[in-house]
Amino acid sequence: MLDLIQLRSFVAVEQMGSFTLAAERLGLGQSTVSQHIQRLEAELGRKLLARDTHRVVLTGDGEALLGHARQILSIEGEVRQLFAGNSLRGNLRLGVSEDFVTSQLPDVLEEFVRSHPSVDLELTVALSGVLYEMQDNGDLDLVLAKRRLGDARGKLVYREPLVWLARDPDRIRKLAGPLPLIAFPTPSVTRAVALEALRRQQMPWRIVCTCGSLSGLTAAARAGMGVLVQPKSMAPAGLLEIAPGWLPVLEDVEFVLVPRKGADQLLVNALSDDILSKVRGPRSS
1 MLDLIQLRSF
11 VAVEQMGSFT
21 LAAERLGLGQ
31 STVSQHIQRL
41 EAELGRKLLA
51 RDTHRVVLTG
61 DGEALLGHAR
71 QILSIEGEVR
81 QLFAGNSLRG
91 NLRLGVSEDF
101 VTSQLPDVLE
111 EFVRSHPSVD
121 LELTVALSGV
131 LYEMQDNGDL
141 DLVLAKRRLG
151 DARGKLVYRE
161 PLVWLARDPD
171 RIRKLAGPLP
181 LIAFPTPSVT
191 RAVALEALRR
201 QQMPWRIVCT
211 CGSLSGLTAA
221 ARAGMGVLVQ
231 PKSMAPAGLL
241 EIAPGWLPVL
251 EDVEFVLVPR
261 KGADQLLVNA
271 LSDDILSKVR
281 GPRSS
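Under full-length UniProt numbering, the first residue of the sequence shown is numbered 1, with each subsequent residue one higher.
Since the hints were made in silico from the structure, they are not lab data. Quick caveat: nothing in here was measured; it's all calculated off a predicted structure. One or more hints might be untrue.
[Claimed, not checked] Label-pair distances were calculated between CB atoms; the ranges are:
1. GLU251 to VAL113: 30 to 40 Å
2. LEU149 to MET203: 38 to 48 Å
3. ARG173 to LEU266: 44 to 54 Å
[Stated by the list, open to error] Think about it this way: if two alpha-carbon atoms lie no more than 27 Å apart in a straight line, the pair counts; the simulated BS3-like pairs of lysine-lysine are:
4. LYS155 to LYS261
5. LYS155 to LYS232
6. LYS155 to LYS278
Just so it is clear, CB atoms sit at the ideal spot from N, CA and C, and this is done for glycine as well.
Use the sequences and the hints to build the structure in full.
Below is the structure:
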């Protein structure tokens, strides 16, 4: 039979793209995680992981194993919770900002759902400002979103810089006329920061694309329509950071967790603890 501990290390390395970060997540030494992978490869007689220039990646055999490994661990988690006397139950409504969803959230949700199968998790994805409004109306129990510097709302998860992005920064710089800007609609934290910075520098601008979906904004930017502002670690593939000096410096943003007063504290704390322990800022990603 396959060893569950070895499978857990395998899945963690795939999720984090690094033996070091996987070891931190699991609370183990890096050498221990490496031994787990080596023993799993020896048991199966196949090479499961390989290194490219930036991170650890799955081989073809690793890809074939991944789905089965997740399923095995999911079943194991369900069995443990089934016989646990203090298993969590109930409904938890989570709101997450649009740009965070495609980065680290899937790994957090996967482990939370596996560890707490009796919790019904409802996910809402929207702009940070919209999520705060929904929470104020009692529609969300926990929000993971951005806040401006100086805002005391919520518990800090991490802070990182915003950057200007474009498919071809040199071409954008040579354009005559106002800066073509691609942005979320209001109320958007990144939009507000960008427009305030442009106004301070008295740089003319025009909105060429507005979309509530990051995939839509990314498509417009990849088509060369204009400039997009995003957190540095969340820069979409195919876009380049515009070097400092031409456009105004953007202030940092902070990602925070905001619980709703009156929400089930056991559920909120369980998911909050998972997020705080697993989500990595730009230095660690």
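Checklist entry - Can you give the numbers of the hints that this structure goes against, from lowest to highest? => result 2
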